[in-house]
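Asker: As they're listed, the protein sequences go chains A and B.
Following the numbering used here, the residues of the first sequence are numbered contiguously, the last one being 196.
Following the numbering used here, the residues of the second sequence are numbered contiguously, the last one being 306.
The set of hints was computed from the structure by calculation and includes no laboratory data.
It is possible that some hints are incorrect.
As the list claims (entries may be wrong) - Keeping only pairs whose Cα atoms sit at most 27 angstroms apart, straight-line, the calculated DSS-like set for lysine-lysine is:
(1) A:K140 to A:K72
(2) B:K33 to B:K46
(3) A:K140 to B:K282
(4) B:K26 to B:K277
(5) A:K72 to B:K32
(6) A:K191 to A:K72
(7) B:K32 to B:K277
(8) A:K72 to A:K145
(9) B:K282 to A:K145
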Amino acid sequence: MIDFFIGLFMASFLIVLFSGRLYRLIFWYAFNSLALGVITILVGVEHIDNALVISGGLTLILKAGVIPFVLKNISQRFNLIREINPTVPIHYSIILIPAIIIFTLYLAEPMSSMIGVNSNYIAISISSFFLALILMIEHKSVAPKIIAFLMMENALFLLGTTATKGMPMFVELGIFFDVMMAIVIINLLFKEEHVK
Amino acid sequence: MILYIFTILLLLIIAPLLIGMIKSLKMFLLYKKPVSIFQPYATFNKLLIKEVIISHESSIITRIAPLLVLSPLLIVLLFLPPVVHGAYYIGFVDAFTIIGLISLSTFFLMLLGLDSGNAFGGMGSSREAFIASLVEPAMVLTIFSVGLMAKDLGVGNASINLATHFPIEHASSFLFAGISFFILLLAENGRLPIDNPETHLELTMVHEAMILDISGLYLAIIEMAVSIKFIVFASLFVTLFMPYGVNLIAPLAILVFVAKLILVSVVVALIEVNGAKLRLFKVPNLLGISIVFAFLSLITFYVLGA
Numbered sequence: 001m002i003d004f005f006i007g008l009f010m011a012s013f014l015i016v017l018f019s020g021r022l023y024r025l026i027f028w029y030a031f032n033s034l035a036l037g038v039i040t041i042l043v044g045v046e047h048i049d050n051a052l053v054i055s056g057g058l059t060l061i062l063k064a065g066v067i068p069f070v071l072k073n074i075s076q077r078f079n080l081i082r083e084i085n086p087t088v089p090i091h092y093s094i095i096l097i098p099a100i101i102i103f104t105l106y107l108a109e110p111m112s113s114m115i116g117v118n119s120n121y122i123a124i125s126i127s128s129f130f131l132a133l134i135l136m137i138e139h140k141s142v143a144p145k146i147i148a149f150l151m152m153e154n155a156l157f158l159l160g161t162t163a164t165k166g167m168p169m170f171v172e173l174g175i176f177f178d179v180m181m182a183i184v185i186i187n188l189l190f191k192e193e194h195v196k
Numbered sequence: 001m002i003l004y005i006f007t008i009l010l011l012l013i014i015a016p017l018l019i020g021m022i023k024s025l026k027m028f029l030l031y032k033k034p035v036s037i038f039q040p041y042a043t044f045n046k047l048l049i050k051e052v053i054i055s056h057e058s059s060i061i062t063r064i065a066p067l068l069v070l071s072p073l074l075i076v077l078l079f080l081p082p083v084v085h086g087a088y089y090i091g092f093v094d095a096f097t098i099i100g101l102i103s104l105s106t107f108f109l110m111l112l113g114l115d116s117g118n119a120f121g122g123m124g125s126s127r128e129a130f131i132a133s134l135v136e137p138a139m140v141l142t143i144f145s146v147g148l149m150a151k152d153l154g155v156g157n158a159s160i161n162l163a164t165h166f167p168i169e170h171a172s173s174f175l176f177a178g179i180s181f182f183i184l185l186l187a188e189n190g191r192l193p194i195d196n197p198e199t200h201l202e203l204t205m206v207h208e209a210m211i212l213d214i215s216g217l218y219l220a221i222i223e224m225a226v227s228i229k230f231i232v233f234a235s236l237f238v239t240l241f242m243p244y245g246v247n248l249i250a251p252l253a254i255l256v257f258v259a260k261l262i263l264v265s266v267v268v269a270l271i272e273v274n275g276a277k278l279r280l281f282k283v284p285n286l287l288g289i290s291i292v293f294a295f296l297s298l299i300t301f302y303v304l305g306a
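Just need the whole structure built from these sequences, with the hints factored in.
Answerer: Structure below.
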């Protein structure tokens, strides 16, 4: 079951890389966070870890609900340009993305053998981290870069959840507050873009 | 053997029903008064009694090509995987045979478009060739990775293997292959993001441009071929990517199978309502996504075993 949701997580990353509309980007970010939340809850239930279940629920509420809503609201309010074509042409990324995925999957192999449990989850979360980096590189305007930042955070969260069976609760809550702060700062950034 | 023949007859009978259902569901969702879901049968009947007009410029190909469009698809219908456990099926056919037969049918459709002698036919044929050549690699990759996961390249055997022990540990590769195959289903059948089956606008039509000159009985044959092609793809998708309910007793299993086919057509209708048609030169991007997913499915299967 977790495998299936990890597949959904990675699939939404790939679709984001090819999409050229801002709202669709936000929708796929919400979908990605949904998959992440379900994975976290499933891992928590598997290891009978209440903290993980709570942080999974928080992910569902905050990242899949509140943050996409706020982002969409802000981008509506500041009339951001909704057509965001990737600067890397898509027929290049068709070659580039599988190459990067293969590279990172092999890169993750020694690390996964070190940790042992759930080795392929680690490989997938590292490769999705790199995919988020590509997303950040291939767009010029601010809004997609911010989505890329949030998705990178998702990938790191997945790495933390699956590799270490959950970080301490305080760390995770801290990360949540960081993300919320980031959203506040993003608001300011968007205002800047609007003024320009 | 009786089940085998019954399944094929059932598929032949409900093939136009699915097309009609997609159309009427779309109209319902767009707040129009929906046509009956049995409309394709009525159209078929009407076309049978209409006279056939063939232009002076066209050669013998216009007379034989409609039959050659239909017949490979009918042969594919015989090779489909079983829907009930224990039913007879043809086991020696692998996916490449099916892809080859479908391309043969597409080839004659393109020839038909070229033969009609007007400008639209050539345009439609060139566009169809463009899309078909892009579909091919993704199709081969997808089928190959599913075959690897099912441990058999033959379509019938693969579906039986998947139904008896579903590879739950390969769920993520399976999901990627499923997404890729669904995009191919949309592309090969000329559904909305690739081609709009309803317009006759010269900028957008692909499939309609090729059959613009055909009338009467020949048009009826082509329409039948279109619906059979859709049901071939839908039942391949259903048996390979949703292999549940095959082990039930015969009437129930067939009922579940039909329900799954209806589910696929509902999903197609929802996608058509929610999306716009892609510009022709953006079609390679969508098919590129499909290639990336198929490739990713192979890679995750090989490297991670996930």
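Asker: Now tell me if each hint is right for this structure.
Answerer: Status of each hint after checking the structure:
Under the criterion of a C-alpha separation no larger than 27 angstroms, the hint pairing A:K140 with A:K72 is consistent with the structure, at around 19 angstroms. For the hint pairing B:K33 with B:K46, the CA-to-CA distance comes to about 22 angstroms; that is within 27 angstroms, so the pair holds. For a cut-off of 27 angstroms, the pair hint linking A:K140 to B:K282 stands: about 21 angstroms separates their Cα positions. For the hint pairing B:K26 with B:K277, the CA-to-CA distance comes to about 15 angstroms; that is within 27 angstroms, so the pair holds.
Restraint check for A:K72 and B:K32: the C-alpha separation of about 31 angstroms exceeds 27 angstroms, so the hint is violated. Between A:K191 and A:K72 the alpha-carbon distance is near 14 angstroms, which keeps this suggested pair within the 27 angstroms criterion. Distance hint between B:K32 and B:K277 is fulfilled; the C-alpha atoms sit about 20 angstroms from each other, no more than 27 angstroms. Under the criterion of a C-alpha separation no larger than 27 angstroms, the hint pairing A:K72 with A:K145 is consistent with the structure, at around 15 angstroms.
Between B:K282 and A:K145 the alpha-carbon distance is near 23 angstroms, which keeps this suggested pair within the 27 angstroms criterion.
Going down the numbered hints, you'll see the structure goes against just number 5.
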